[in-house]
Structure formats: structure tokens, C-alpha cells
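> Sequence:
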Amino acid sequence: MEAKEQKNGQLTKVRDMVDDIRVAMMTTVDEQGNLVSRPMAAMQMDENGTLWFFTKRTSPKVEQIDQNESRVNLSFADVSDADYVSISGTATEVDDKAKIDELWDPQVKAWFPEGKEDPELILLKVHTQMAEYWNSSSSKMVRFFEQAKAALTDTVPDMGENKKVYN
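In our numbering, the protein residues as written are 1 to 167.
Watch out, some of these pointers could steer you wrong.
Pair by pair, the computed Cβ-Cβ distance ranges are [claimed, not checked]:
#1 Thr12 with Ser37: 24 to 32 Å
#2 Pro39 with Asn68: 18 to 26 Å
#3 Asp66 with Met130: 36 to 44 Å
#4 Glu31 with Tyr166: 29 to 37 Å
#5 Arg38 with Val156: 31 to 39 Å
#6 Gln67 with Val156: 36 to 44 Å
#7 Gln32 with Asn8: 33 to 41 Å
#8 Glu132 with Asp105: 23 to 31 Å
Listed next, the in silico DSS-like pairs over lysine-lysine satisfying Cα-Cα at most 30 Å (straight line) [said to hold, decoys possible]:
#9 Lys13 with Lys163
#10 Lys163 with Lys116
#11 Lys97 with Lys163
#12 Lys116 with Lys164
#13 Lys116 with Lys97
#14 Lys163 with Lys109
#15 Lys99 with Lys116
Keep in mind that the hints were calculated from the coordinates and are not lab data.
Where is the CB? At the ideal position from N, CA and C, for every residue including glycine.
Working from the sequences, and respecting the hints, build out all of it.
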């Protein structure tokens, strides 16, 4: 039971970091085998590690996901706080009006001029298989000091917490 509680706590940490950062670079594989990334706003990450994004039904990423076993990577970065999250998982397209209503934000209308009724509007649901995070609770000055100290003493700096979370 203790291992499950620890995993849940780490997944909660990942979810909190994703909520704070919100915009991810979503990486897929194109038809030539190239890794392709684009910014995507995470609308929600639930307690099970499932992330939700709005997208266009005919976007290249949807085709790339369909052609490459649904594998995606999401990277979140808050450079000023030295907080980073990488999530590997599988993505599926979801056309669910109730979920669209639940997640809708008026800012999304910039990409979907017809609003929630836009025929191009669908959701991408990403199931987290593994997440890794790096989190520094130290100020920039402390991080700089740690780096300088490590350089002078030939040691590795303590830059904060780094964990892998398997879902």
C-alpha cells in the first residue's frame, strides 16, 4: 500500500507542476520519421494522469498519432523556477461533446471560430505511461551557488528533486 501512496503522491506532484506550467511541447513522429513538436495547452490532467488537449480533427499531429502507434511525448518547462516535466504516453482522439463542454475556455475560440460547435474541434486524450520531473525549490541565487560550488569542487550540484513516475 505504501508504494501505491508514494506513486500517487508523485503523480500529484506531476499534476501540480503541469497545472502551473500548462503549455507543453507535444512531440509526434512524422511520415519521414522526424520528431515534430508543437506547443499545446493542457486543459486538464486528472488524478489518473490523463491529459486533455483541444485540437483540429484534420491537423497533421492527429494523422501522425494515428500512424505511429499513438505514441507522444509532452515536455513542460518553467525555466524561471527550474521546473521541468517530461511525459511519455499514448494519445487518442475523442469526439465527446460533454467533455468539450467541461473543458471549454473562451480563449480556445481563437483557434475554433465556431466555438464548441466547430466541426474541426476534437479532443486529444493522452494517457501517461511514464513521467519524469525535475523540481527545484531553491531560488536562482542558490542554484547559481550550487553550480559554482560544484564546478570548484568537481562534484555534481544539488539542483533539486528528480523522479520518474510510472503509471
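> Evaluate each hint against the coordinates.
Hints versus structure:
no.: 1; hint: Thr12 with Ser37: 24 to 32 Å; in the structure: holds (26 Å)
no.: 2; hint: Pro39 with Asn68: 18 to 26 Å; in the structure: holds (20 Å)
no.: 3; hint: Asp66 with Met130: 36 to 44 Å; in the structure: violated (22 Å)
no.: 4; hint: Glu31 with Tyr166: 29 to 37 Å; in the structure: holds (30 Å)
no.: 5; hint: Arg38 with Val156: 31 to 39 Å; in the structure: holds (33 Å)
no.: 6; hint: Gln67 with Val156: 36 to 44 Å; in the structure: holds (40 Å)
no.: 7; hint: Gln32 with Asn8: 33 to 41 Å; in the structure: holds (40 Å)
no.: 8; hint: Glu132 with Asp105: 23 to 31 Å; in the structure: holds (28 Å)
no.: 9; hint: Lys13 with Lys163; in the structure: holds (10 Å)
no.: 10; hint: Lys163 with Lys116; in the structure: violated (38 Å)
no.: 11; hint: Lys97 with Lys163; in the structure: violated (36 Å)
no.: 12; hint: Lys116 with Lys164; in the structure: violated (36 Å)
no.: 13; hint: Lys116 with Lys97; in the structure: holds (8 Å)
no.: 14; hint: Lys163 with Lys109; in the structure: violated (36 Å)
no.: 15; hint: Lys99 with Lys116; in the structure: holds (11 Å)
Checked against the numbered hints given earlier, the structure breaks hints 3, 10, 11, 12, 14 and satisfies all the rest.
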